[in-house]
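**Q** Protein chains in written order, with our numbering: chain A, 1 to 115; chain B, 1001 to 1113.
Mixed in with the good hints there might be a few duds.
[To be verified] Computed footprint of chain A on chain B, listed as stretches where at least three residues anywhere in the stretch have a Cβ under 8 Å from a Cβ of chain A:
(1) 1086-1099
(2) 1104-1112
[Stated by the list, open to error] Distance windows between CB atoms, simulated:
(3) A/Ser54 with B/Asn1028: 42 to 48 Å
(4) B/Gly1096 with A/Ser54: 22 to 28 Å
(5) B/Pro1083 with A/Ser3: 26 to 32 Å
(6) A/Ser52 with B/Glu1079: 41 to 47 Å
(7) A/Ser52 with B/Pro1061: 27 to 33 Å
(8) A/Glu64 with B/Arg1109: 17 to 23 Å
(9) B/Asn1073 with A/Pro40: 23 to 29 Å
[To be verified] A few chain B positions that, by computed beta-carbon distances, are all more than 12 Å from chain A:
(10) Leu1011
(11) Thr1020
(12) Thr1022
(13) Arg1044
(14) Asp1056
(15) Gly1058
(16) Arg1072
Just so you know, the hints here were simulated from the structure itself, not pulled from any lab data.
From the three backbone atoms N, C-alpha and C, an ideal C-beta is built for every residue, glycine too.
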Amino acid sequence: AQSVTQLDSQVPVFEEAPVELRCNYSSSVSVYLFWYVQYPNQGLQLLLKYLSGSTLVESINGFEAEFNKSQTSFHLRKPSVHISDTAEYFCAVSDRRNQGGKLIFGQGTELSVKP
Amino acid sequence: EAQVTQNPRYLITVTGKKLTVTCSQNMNHEYMSWYRQDPGLGLRQIYYSMNVEVTDKGDVPEGYKVSRKEKRNFPLILESPSPNQTSLYFCASRTGQHTDTQYFGPGTRLTVL
């Protein structure tokens, strides 16, 4: 079984400051890793994912996440945030072997960007 | 436009009154799934379907039913809703490829009094 822990439920930050949203996972098998973003009153959208290859993955809007196998982490970072990044962010994993492909989500981190 | 639609978006009902939340996707996706989102718990999978007439339980299936008679539709049925099913519900779909992106609907906020 897999589990995901997002270490911060809320992260307030000022505009143009850097931010890191932390995600740790537990699994006895290899997993795929995802970050989803949920803007207010909307459904979830995929931000980025790690399947294989380079451990650093990037999104089109400046976020990046690094897969660290030894620390079982997949932290999300952005060097300079904008007001429009205010949203809830979810880290998720799925079992590589299981074609059912269930996503196991963390509890979510609310990112609040203030001017 | 590729999308997942859910109806209704908001619903207030009373204990025991059967209801159905519809979900439809126009991307010809094989895989569909229902999640519920509760504060501090993230999203938890209720049921999923790998294809037409193939459904299976997720982590929190109690009190829910689903059906998959057509590829595009995956309704969620609450035969006898209870207050602990008050939640925000999301439908999602993707191709049959495990690694492909799941696309989420806009959500249905259900309140059971």
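**Q** Taking the CB of A/Ser52 and the CB of B/Glu1079, does the distance hold inside 41 to 47 Å?
**A** The hinted range 41 to 47 Å holds for A/Ser52 and B/Glu1079, with Cβ atoms some 43 Å apart.
**Q** Holds or violated: the region 1104-1112 of chain B covered by chain A, criterion of 3 or more residues with Cβ-Cβ distance under 8 Å?
**A** holds (count 4)
**Q** Compute the least Cβ-Cβ separation between B/Thr1020 and chain A, then decide whether it is above 12 Å.
**A** At roughly 19 Å from the nearest Cβ of chain A, B/Thr1020 sits farther out than 12 Å, so the non-interface label holds.
**Q** Can we confirm that no CB of chain A comes within 12 Å of the CB of B/Asp1056?
**A** violated, 7 Å
**Q** Lying within 27 to 33 Å: is that true of the beta-carbon distance A/Ser52 to B/Pro1061?
**A** For A/Ser52 and B/Pro1061 the Cβ distance comes to about 32 Å; the hint holds.
**Q** Please verify that the nearest CB of chain A lies beyond 12 Å from B/Thr1022's CB.
**A** holds, 15 Å
**Q** Check whether three or more residues of the region 1086-1099 of chain B sit with their beta carbon closer than 8 Å to a beta carbon of chain A.
**A** Contact hint for the region 1086-1099 of chain B vs chain A: holds, 5 residues under 8 Å.
**Q** Please check whether the beta-carbon of B/Arg1072 is more than 12 Å away from every beta-carbon in chain A.
**A** Holds: least Cβ distance 17 Å, greater than 12 Å.
**Q** Taking the beta carbons of A/Glu64 and B/Arg1109, is their distance inside 17 to 23 Å?
**A** The hinted range 17 to 23 Å is violated for A/Glu64 and B/Arg1109, with Cβ atoms some 33 Å apart.
**Q** Starting from the hint 23 to 29 Å, judge whether the C-beta atoms of B/Asn1073 and A/Pro40 obey it.
**A** This hint holds: roughly 28 Å between Cβ atoms.
**Q** Check the following: the C-beta atoms of A/Ser54 and B/Asn1028 are separated by a distance inside 42 to 48 Å.
**A** About 31 Å separates the Cβ atoms of A/Ser54 and B/Asn1028, which means 42 to 48 Å is violated.
**Q** With respect to the beta-carbon atoms only, verify the hint that B/Gly1096 and A/Ser54 lie 22 to 28 Å apart.
**A** Hint holds: Cβ distance 26 Å, inside 22 to 28 Å.
Violated hints, listed in ascending order, are 3, 8, 13, 14, 15; each of the other numbered hints is respected by the structure.
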